[in-house]
Structure formats: C-alpha cells, structure tokens
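Chemist: Protein chains in written order, with my numbering: chain A, 1 to 456; chain B, 1 to 294; chain C, 1 to 276.
A hint or two may mislead.
[Claimed, not checked] Below 20 Å or equal to it, Euclidean Cα-Cα: the simulated SDA-like pairs (lysine to any residue) are:
| no. | chain 1 | residue 1 | chain 2 | residue 2 |
| --- | --- | --- | --- | --- |
| 1 | A | Lys268 | A | Asn280 |
| 2 | B | Lys145 | A | Val261 |
| 3 | A | Lys407 | A | Gly109 |
| 4 | B | Lys101 | C | Thr100 |
| 5 | B | Lys3 | C | Thr100 |
| 6 | B | Lys101 | C | Leu22 |
| 7 | B | Lys98 | C | Ala10 |
| 8 | A | Lys446 | B | Asn63 |
| 9 | B | Lys46 | A | Glu192 |
In case anyone wonders, no lab produced these hints; they're calculated from the structure. If you're wondering where the values come from, they're calculated on a predicted model, not measured in any experiment.
Here is how the chains run, residue by residue.
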Amino acid sequence: MRKSLIMMLSLIFVAGALVAGCGKSNNSAEPVNTGTTNGENASQSSKVEPFELKMRHIEIGEPNKNRLARLEAVKQKTEEQVPGLTIKLDGVDSEVNRKDKLRSEMAAGNPPDIFDAFGSPDIGVYAKEGLVLDIGPILDELNLKERFINLDPWTYDGKIYGLPKGGSIEGYFYNKEYFAAKGLEVPKTLAELEALAEKVKADGKVPFAQGSKDAWVPLMTTNNLWSYYAGADFTAGFKTGESKWNDPKMVEAVSKHQEWVKKGYFKKGELGIDYNSQRNQLLTDEAVMMYDGSWASSVFNDAVDADGKSKFGFFVMPPLNEGDGFSSMVDSNNGYGFSAKVADDPQKLEAVKAFIKTFFSDEVQLQSLKEDGLLPSMILSEGDLQANAANDLIKEIILRMNELEYKWPAFDALVQAEVNTELSSGIHRVIEGVQDPQAMLDALQKVQEEANAAGE
Amino acid sequence: MNKAMRNPLMYALFLIPTFIGIVLFFIYPVINAAFYSFTDWNGIAKTYNFNGFANYTKSMSQNAFWVSVRNNGFFILFSVFIQVPLIILFSLLIANVKKLKGLYKTAVFMPSVMSTAVIGILWGFIYEPDIGLFNNVLGLFGIDKVYWLSDRNWAMISILITNAWQWTGFYIVMVLAAIISIPKELDEAAMIDGATGFQRAMRITMPLIMPIVSVVIMLSIAGAMKAADIIIVMTKGGPAGSTEVMATYMLKHSITSFKYGYGNSIAVLIFIFTLIITALYQVLVVRRTERIEY
Amino acid sequence: MTKKLKGSLAHILLLIYLLVILYPFLFVVFSSVKTDNLAIAQNPFGFPKEFQWTNYVEAWVNAKISTYFLNSLYIAVIAAVATIIMASMASFALTRMRFTKLSPMLYQIIILGILIPGNALLLPIYNLMRSTNLLDTHWALLIPYAANSIPFSVVILTAFMKSLPSEIEEAAVVDGLRSPGIFARVVMPLTVPALVTVFIVNFLGNWNEFLLANYFLSEDSLKTLPVGMVGFRDAFSINYAQMSAGIVYSVVPVMVIYAILQEKIIEGLTAGGVKG
Chain A
1 MRKSLIMMLS
11 LIFVAGALVA
21 GCGKSNNSAE
31 PVNTGTTNGE
41 NASQSSKVEP
51 FELKMRHIEI
61 GEPNKNRLAR
71 LEAVKQKTEE
81 QVPGLTIKLD
91 GVDSEVNRKD
101 KLRSEMAAGN
111 PPDIFDAFGS
121 PDIGVYAKEG
131 LVLDIGPILD
141 ELNLKERFIN
151 LDPWTYDGKI
161 YGLPKGGSIE
171 GYFYNKEYFA
181 AKGLEVPKTL
191 AELEALAEKV
201 KADGKVPFAQ
211 GSKDAWVPLM
221 TTNNLWSYYA
231 GADFTAGFKT
241 GESKWNDPKM
251 VEAVSKHQEW
261 VKKGYFKKGE
271 LGIDYNSQRN
281 QLLTDEAVMM
291 YDGSWASSVF
301 NDAVDADGKS
311 KFGFFVMPPL
321 NEGDGFSSMV
331 DSNNGYGFSA
341 KVADDPQKLE
351 AVKAFIKTFF
361 SDEVQLQSLK
371 EDGLLPSMIL
381 SEGDLQANAA
391 NDLIKEIILR
401 MNELEYKWPA
411 FDALVQAEVN
421 TELSSGIHRV
431 IEGVQDPQAM
441 LDALQKVQEE
451 ANAAGE
Chain B
1 MNKAMRNPLM
11 YALFLIPTFI
21 GIVLFFIYPV
31 INAAFYSFTD
41 WNGIAKTYNF
51 NGFANYTKSM
61 SQNAFWVSVR
71 NNGFFILFSV
81 FIQVPLIILF
91 SLLIANVKKL
101 KGLYKTAVFM
111 PSVMSTAVIG
121 ILWGFIYEPD
131 IGLFNNVLGL
141 FGIDKVYWLS
151 DRNWAMISIL
161 ITNAWQWTGF
171 YIVMVLAAII
181 SIPKELDEAA
191 MIDGATGFQR
201 AMRITMPLIM
211 PIVSVVIMLS
221 IAGAMKAADI
231 IIVMTKGGPA
241 GSTEVMATYM
251 LKHSITSFKY
261 GYGNSIAVLI
271 FIFTLIITAL
281 YQVLVVRRTE
291 RIEY
Chain C
1 MTKKLKGSLA
11 HILLLIYLLV
21 ILYPFLFVVF
31 SSVKTDNLAI
41 AQNPFGFPKE
51 FQWTNYVEAW
61 VNAKISTYFL
71 NSLYIAVIAA
81 VATIIMASMA
91 SFALTRMRFT
101 KLSPMLYQII
111 ILGILIPGNA
121 LLLPIYNLMR
131 STNLLDTHWA
141 LLIPYAANSI
151 PFSVVILTAF
161 MKSLPSEIEE
171 AAVVDGLRSP
181 GIFARVVMPL
191 TVPALVTVFI
201 VNFLGNWNEF
211 LLANYFLSED
221 SLKTLPVGMV
231 GFRDAFSINY
241 AQMSAGIVYS
251 VVPVMVIYAI
261 LQEKIIEGLT
271 AGGVKG
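Using the sequences and the accompanying hints, generate a full structural model.
Modeler: As structure tokens, then:
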C-alpha cells in the first residue's frame with residue numbers, strides 16, 4: 001500500500017514538472033508586443049496604482065482555442081495601453097454562464113467588469129436594473145457607433161449596453177464528397193431537401209446530425225421552418241400579441257419538424273446527445289448534413305486540405321417554392337457587456353475603453369474570420385472579407401450570407417425567458433412524439449399571454 | 001452534586017456555535033424563502049410586489065410540477081423498496097462469509113467516494129446507445145437498442161439505478177457495522193438451539209439492526225427529496241422534463257427563467273412535503289418498532 | 001455439503017455485485033489509454049490494443065486536476081472538522097450537562113434541520129453569502145458545508161454520548177475538572193469512534209457537493225473537483241480518452257486514501273452506527 005502511494009506521489013510530481021515546463025514554453029512562444037507605446041500615458045507619472053479587471057468569457061475547450069488565443073492577445077495589448085492594469089480571465093461554459101452563472105451574479109449585483117452576454121433579451125433585463133454600463137459615450141469617443149452592422153439586440157431604451165463579438169448565420173453543413181459521389185445537389189426547395197434526406201436515409205446514413213439534449217439545438221431547425229411557413233417577421237409579433245404560437249402556419253411548421261423526426265431523418269435517441277457530439281456524427285461520416293450556426297465552421301478546419309479545399313460545404317435551408325428567397329437567422333446576439341460599477345472608477349473606465357478599442361477592431365474581426373470562420377459584426381470591405389476567408393467552407397458561408405433575402409434574429413432574442421423555457425420542453429415533447437404540435441403550441445401561447453400580461 | 005455540569009454559562013457557550021449555524025443556514029433561509037414565495041420578485045429588480053398565494057396556485061396547477069413531485073416519489077419508493085432490501089441482503093452475506101471479507105468491505109464503498117459529477121460522466125458512457133455497455137450486453141441476447149437517457153420510459157429508471165449504484169455500498173457499510181457489533185454469544189446460543197442460518201438472520205440479527213435500518217431509510221428519504229446533482233449531470237431534467245425533480249424544477253424557474261418568487265414557492269413546498277413524508281414515516285413505521293429519537 | 005453450497009452461493013452473489021461495482025472503473029481505465037474516440041467506439045469495453053499515455057499528460061494540463069483536487073480536499077476536511085467541533089460541543093451539553101428540561105427541546109430544533117433539504121435553500125443562502133461579500137471565496141463553501149451537516153452529526157454524537165456511563169464524569173468532577181475539561185479530556189477521547197464516523201460521512205458529503213460549489217464560485221482557481229470535472233466534460237466532450245484520464249486522476253487519490261483508512265472507517269461506523 002505504501003509503495004503504491006509513493007508511486008502515486010512521484011507520478012503526480014513528474015506530471016507537475018511537465019506542466020510547469022509546458023506552461024513556460026507556451027509563454028515564451030507568445031508574441032510580445034513591445035512596439036506599441038502610448039504617448040498619452042508616457043507623460044503620466046510612473047507611479048500608478050495597480051488594479052485588476054475581471055473578465056468572464058466562454059472561450060473554453062478545444063473548439064475555442066483560437067478564440068481564446070485572440071482574446072489573450074487582446075488582453076495583453078490592452079494591458080500595455082493602460083498602466084497598472086491586469087485583466088483576469090475567467091472561462092465558463094456558454095450555457096452555464098448565460099443561464100446560471102451570470103444571472104445569479106446579476107441577482108447579487110456584482111457581475112464581472114467585462115462579461116460575455118447575450119444581447120436580447122438578457123442585456124435588457126440587466127440594463128433595466130442599472131447593472132450594465134451604457135457604452136454610448138465610449139463608442140462616440142472612439143467613433144465606433146456606425147461601424148457595427150446591427151446593435152439592436154444590445155440597445156435598451158435607446159442606449160447601447162454591449163457589443164457583439166461576431167455575426168453568424170444558420171444553415172446546413174454538408175459532406176461535399178458524399179454529395180459528389182452520389183450525384184446529389186444542393187436543394188433549392190424544401191421538397192428537394194426532403195427528397196435528399198430520403199435518399200441519404202435509403203443509403204443507410206443519418207440525413208441530419210443532431211444532438212438535442214439542449215433544446216436550443218433542434219429549435220434552430222424549427223425556427224427556420226416557421227420563418228418560411230409563417231414569415232420572417234412573425235416571431236417579433238409574439239411579444240406584442242400580433243402573432244400567435246398556435247397559428248395554423250406555426251402548427252404546420254412544427255408538424256414538419258415532427259414529421260422529419262418520425263421519418264427517421266435524425267439519429268434515434270437524439271434527445272440524449274450533447275450538442276458537441278452532433279459534430280462527431282458528421283465528422284465520422286455517420287451523418288451527411290447538420291443544421292448548425294456558422295460559428296461551428298472551425299470544427300471542420302481539420303477537413304481542409306493544403307489548397308483550402310474543404311470536405312464540407314454549407315447551404316441555407318431552402319424556401320418552400322423555388323425563387324422565394326432564402327431566409328436565415330442572422331445573429332449578432334453574443335458579445336460583451338460591462339458592469340455599471342466600472343463607471344465609478346476612472347481607471348477601470350479607461351481600461352474598458354482600451355479593451356473596446358482593441359477588441360472591436362478590423363484586425364481582430366478579420367482574424368476571427370480567418371481562423372474560425374466567425375462572421376464579422378462590424379462593417380468591413382468586401383475585399384478584406386474574401387482575402388481573409390481562409391478556406392472554401394468559409395468562402396461559401398460568406399457567399400450564402402450575401403444571397404439571403406430574409407434575415408431575422410433567433411426566437412430567443414424576441415421572447416421572454418419563461419416562454420423560451422416552455423418552448424424548450426415543448427419541442428422535446430414534440431420530438432419524443434408524446435405531444436402533437438397543436439397541443440404544444442396551444443400551451444405555449446398561454447404562457448406567452450401570461451408573460452405579455454405581466455408586462456415584461 | 002456537581003456544579004460543573006450545571007453551569008448555565010458553560011451550557012450556553014457549548015451550544016452557541018451550533019445554534020448560530022442552525023439559525024443562519026436553516027431557520028433564516030426557510031423564513032426568507034417563505035417571504036419571497038409570496039412575491040413576484042424576479043431576483044434582480046430592486047422592487048417587487050406581493051401577490052398572495054399566486055405562486056403556490058400556479059405551481060400546483062402546472063403539470064410539469066407534478067411530474068417532478070412524482071419523480072421524487074419514484075426516488076423514495078425505489079430507495080425504500082428496492083435499495084434497502086438489497087442493502088440488508090448484501091450486508092448479511094458479507095457478514096457471514098469468511099473468505100474475501102476484506103475485499104468486499106473495501107470494494108462496496110468505492111462508488112461512494114466518487115463525486116456525483118464524475119459518476120454522471122461515467123454512466124453516460126454505460127448508457128450510450130451505440131457503444132455503451134448496457135446495449136452491448138443486451139445485444140448479446142438479441143435485444144434491441146434501448147435509448148436509456150433519451151427515452152422517457154427508461155430515463156428515470158436509469159437515473160435511479162445510477163443513484164443506487166453510488167449509495168448502496170455506503171449504506172451497506174453502515175448496516176454491516178451494526179451486524180458485526182452484535183455480541184457473538186447471542187448467535188452461538190441460537191446455533192446450539194439448532195436454529196438455521198436463515199432463522200438466525202431473521203430472528204436475531206434483523207431485530208437488532210432495525211434501528212440502523214431506520215436511520216438508513218430516513219437518510220434515503222431525505223436524500224431522495226434533495227436529489228438534484230445526479231439529474232443535472234445526467235439528463236438536465238430531459239427528455240422533455242420527464243426526469244425533472246422538485247429541486248431541479250425550482251432551479252430552472254428561479255434562476256433560468258427569472259422567476260425568483262415562484263422558485264421560492266417550490267422551495268417551501270419541498271420543505272413541506274419532506275416534513276409530511278418523514279412525519280408519516282415516523283407515525284406509521286418507527287413508532288411501532290423503536291424510535292430513534294431522543 | 002449444503003453448508004458449502006450455501007457458502008459458495010453467497011460468494012457468487014457477492015462477486016456479481018463486485019463486478020457491477022468495479023466494471024465501470026475498468027472501463028474508464030481502459031478508455032484512458034486508448035488512442036481516440038474511434039478506438040473506444042470500436043472496442044468500447046475491451047482491453048486497449050495500444051497504450052496512449054500522453055492522454056494523462058494532456059488531461060493534467062487541460063483539466064487542472066491538481067488545483068481542483070487540493071481545493072476540494074482542504075475544503076472538505078476543514079468543513080468536516082469544524083462541524084465535528086461544533087456538533088460535539090452541542091452534543092456534550094445536550095447529553096451530559098444537567099439541563100433536563102431545556103435539552104430535549106433544543107435537540108428537537110436541531111434535528112428538524114435533517115428534514116430541511118439544503119438544495120431547496122440554495123437561493124436564500126446565496127443571498128446571505130452575497131450580502132456578506134463572501135461569494136467567490138472559499139468561505140462561501142466552508143461556512144455552509146460546516147453548518148449543513150450539523151444536524152446529522154448531532155444525532156449520531158448525542159446517541160453515542162448518551163451511552164457513556166455517568167460514572168466517568170463523576171470521577172472527573174471529583175478530580176476537580178470543570179465542564180470544558182470534562183469535555184476535552186474525558187468525553188472526547190471516549191467518543192473518537194463516533195467522531196470518525198461523522199467525519200467520514202461529512203467529508204464525503206462535502207467532497208461530492210456540486211450545487212453550491214457550482215453557483216457560489218466562479219473563479220477557476222477556486223473551483224472544486226466536482227465542478228471542475230463537469231467543466232472539463234463540457235469543454236472536452238469531444239475527446240473521450242482524455243476525459244477518462246481526467247476521471248482516473250480524480251478518483252485514484254481518494255481510493256488510495258480510502259484503502260489506507262478502510263479499517264478505521266469500518267471501526268468508526270461500527271462504534272457509531274449501532275448506537276444510532
């Protein structure tokens with residue numbers, strides 16, 4: 001027993017030494033940007049109180065390693081601009097941060113100084129209570145206000161409370177090699193898409209990769225379906241009472257989703273599969289298509305050859321009739337907000353300003369596009385965009401985005417949190433087949449009306 | 001006789017730390033939760049309104065809430081009627097074998113030292129439909145794939161099995177300890193009288209370990225009412241809320257949906273239900289055998 | 001003959017149970033040295049064909065097991081010790097001191113706590129911690145952990161202390177000891193077996209606790225093992241082999257400690273349990 005304990009300890013020791021070694025080599029590999037000097041600060045006295053800025057981000061794990069590297073570079077540059085500043089990064093899983101962590105911190109009145117957040121409806125709830133910094137003045141000073149494609153989700157009561165990191169659209173990633181081998185073509189109508197799924201299924205493969213454990217994943221598909229059946233602007237009407245969840249068009253859309261499930265277009269047992277695992281279905285050739293956001297494109301970087309040719313392509317869900325115009329969610333809902341408390345501390349305010357200036361720059365936007373296929377949230381020149389699209393997949397995504405005729409925000413940005421909660425368990429029931437779409441939507445409409453009546 | 005043991009100041013000093021803990025972490029939170037359960041506070045705003053029993057009537061009218069209550073019920077029934085008999089059986093077996101006793105004692109306890117989070121991950125592999133252990137074994141007998149965690153007919157039972165796997169050994173060790181401490185003379189006397197092993201187990205051992213079995217049942221019930229971790233790490237309450245229990249239902253509403261007041265009404269209901277169940281247990285079962293109380 | 005048969009039947013049943021307990025561990029250990037997901041998928045529960053030890057190095061770096069492990073260990077130990085000190089003092093006063101009317105009442109109040117589900121009170125405790133500015137420090141776990149296990153500990157310890165013969169402190173009083181002296185020098189040493197039981201139960205409770213730890217701490221360097229492992233799973237769910245290595249790291253040290261202390265734990269439970 002003692003012997004094995006000693007073994008264990010020495011193992012831990014060796015591993016620890018290895019970690020230390022790795023850590024060091026990482027640091028030395030990082031480019032040290034000594035070139036930037038700041039005239040403003042040079043004149044200031046060298047005696048500056050050191051201070052710390054807490055920053056919550058969600059760039060954790062293997063798929064986000066490029067994002068994290070970029071964030072760390074921005075951190076370093078920002079620290080160089082502001083004397084005494086240390087930015088402390090705290091990475092948390094996206095869903096955990098959005099739904100649990102940040103909400104409980106907001107409830108406690110002490111969010112991190114800079115935090116990853118979702119624009120609508122979250123930031124509005126926080127802004128209403130005065131918990132988030134109004135960054136309008138900073139944007140004016142830095143001349144950034146007009147540079148963003150869309151700040152609506154971040155605007156509450158006419159003031160701007162946060163900035164989107166990037167943009168994204170949603171659609172189908174598909175296995176190009178498989179399509180070519182079987183002589184399949186990118187569908188132009190929903191009926192063609194269904195015919196395609198039928199063929200894939202007959203070939204013994206899963207048509208659509210999907211991991212529905214978290215309800216927002218299948219809801220991306222549902223949301224796109226109803227934007228075709230009921231119209232792109234329909235979702236915005238739920239909150240105002242103009243649109244009803246149990247509208248016949250909505251029932252039709254949700255029924256279509258259920259029909260696909262029943263026909264076996266998704267992998268069986270999808271309700272037990274994690275979001276991250278749905279990519280595996282596509283990567284291992286188990287499935288042929290996958291509905292996901294363009295943010296997922298970096299997952300397929302490994303499938304790109306030296307010439308930038310990718311094994312995977314991207315198309316938007318096609319309309320009901322040919323030529324009706326493509327419709328997709330266009331999102332700029334994920335980004336950074338800032339604690340209102342920052343305003344009380346001139347040093348911190350200065351640091352936040354420097355962070356915004358560094359992070360929301362052409363350079364970082366283009367780098368994000370190049371490395372991760374993250375679409376820009378800021379207005380950039382078409383030439384820059386094409387030059388920085390590193391592979392065919394990303395070029396294709398940009399192409400599809402430019403073809404879009406209808407662009408709309410995801411439903412969760414347009415309805416109250418409890419409506420989202422109800423729809424989330426509702427879509428699970430529909431996928432399971434224990435409730436029909438009509439009954440699910442009737443119940444949902446009731447929750448919507450209650451929420452509207454509560455005046456939130 | 002001894003003033004030392006009647007000194008009120010000393011008495012107070014001995015009890016104060018415990019009562020500070022009890023007041024801060026049991027009495028205050030219950031009162032606090034009860035207070036906000038009568039409001040519409042969203043947990044963030046600076047203001048809130050009193051809305052009487054609206055939160056309570058709302059939760060009572062929600063189907064999803066009763067599903068979570070039912071699942072807590074499954075937890076209790078499974079613990080009491082399946083887990084406890086197994087605990088007693090295995091304790092008796094281990095107590096009576098002569099070889100390998102040490103190995104059994106060590107091994108059964110192992111799952112209890114793993115954190116629930118790790119167990120959730122581990123059992124995720126076992127329940128995996130395509131490559132998981134269970135379906136592999138079933139496949140040997142030509143039985144079709146079972147979607148353990150994504151089929152509502154199986155999801156809850158899957159969680160209960162995992163939970164039992166984690167805690168059975170812990171309780172076995174407790175019961176085993178009680179069996180081992182029974183004076184050997186009792187057993188030997190019965191053996192001389194010609195009682196069989198089974199008779200001795202039922203007539204001598206069982207009555208003597210009833211108090212500890214009572215403790216085990218009480219702890220199981222309390223544990224069943226509190227269960228949340230295992231569900232969060234295994235199914236997140238899915239599919240479609242079919243494995244939601246009261247505690248996870250409360251968290252989902254109070255924090256994720258910005259309904260703090262509503263969530264607190266659920267917290268109060270959990271407390272009330274636990275009180276009722278344990279009171280019932282005390283009245284129906286414990287009083288007849290032996291009270292474990294003061 | 002029949003006796004032998006019965007004996008082997010018992011062993012067969014127990015060995016089946018053992019298999020059920022140990023097999024999942026083996027699966028993790030095997031998976032942790034397999035090359036990738038594909039290798040696990042093709043041969044999920046069999047012996048690995050190749051050994052990929054680098055999984056362990058990478059998991060150690062990525063999962064920060066050392067930090068989480070040490071946090072969990074010291075929080076679980078300190079909170080369990082604090083509980084024992086408070087609970088044994090209270091139990092001593094309730095059982096050995098002569099306040100026969102007050103004691104049963106106070107005892108009832110304390111054991112009511114067993115019935116209050118801690119998770120249900122997450123939100124008020126969260127507010128308590130936030131108003132005292134303890135969130136995001138280890139105090140936010142140490143204090144609630146220590147307090148939460150008081151009722152259970154008091155139940156076990158009073159049961160044990162009650163069973164001690166009253167002559168012992170009479171002798172001590174004759175020797176001139178006051179109540180703190182009797183508590184520390186006479187009753188406590190006799191209570192050690194029950195204290196071990198209570199310590200183990202509380203330690204495990206704290207060690208496994210997930211909810212409070214998940215909500216009350218956000219800084220990575222403060223996280224405990226259960227939260228760290230779930231975060232690790234979320235971040236690296238694509239790499240099962242590395243995740244298995246992470247699990248092995250998190251489990252083996254506790255197993256070693258348990259194997260060493262095993263006899264003591266059973267002894268402690270024996271002493272405490274029966275009286276309960």
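Chemist: Does each hint hold? Answer for all of them.
Modeler: Hints versus structure:
1. Lys268(A) - Asn280(A): 15 Å, holds
2. Lys145(B) - Val261(A): 18 Å, holds
3. Lys407(A) - Gly109(A): 35 Å, violated
4. Lys101(B) - Thr100(C): 44 Å, violated
5. Lys3(B) - Thr100(C): Given that 20 Å is the threshold and the Cα spacing comes to 15 Å, the pair holds.
6. Lys101(B) - Leu22(C): 16 Å, holds
7. Lys98(B) - Ala10(C): Between Lys98(B) and Ala10(C) the Cα gap is close to 11 Å, so the pair holds against 20 Å.
8. Lys446(A) - Asn63(B): 14 Å, holds
9. Lys46(B) - Glu192(A): 53 Å, violated
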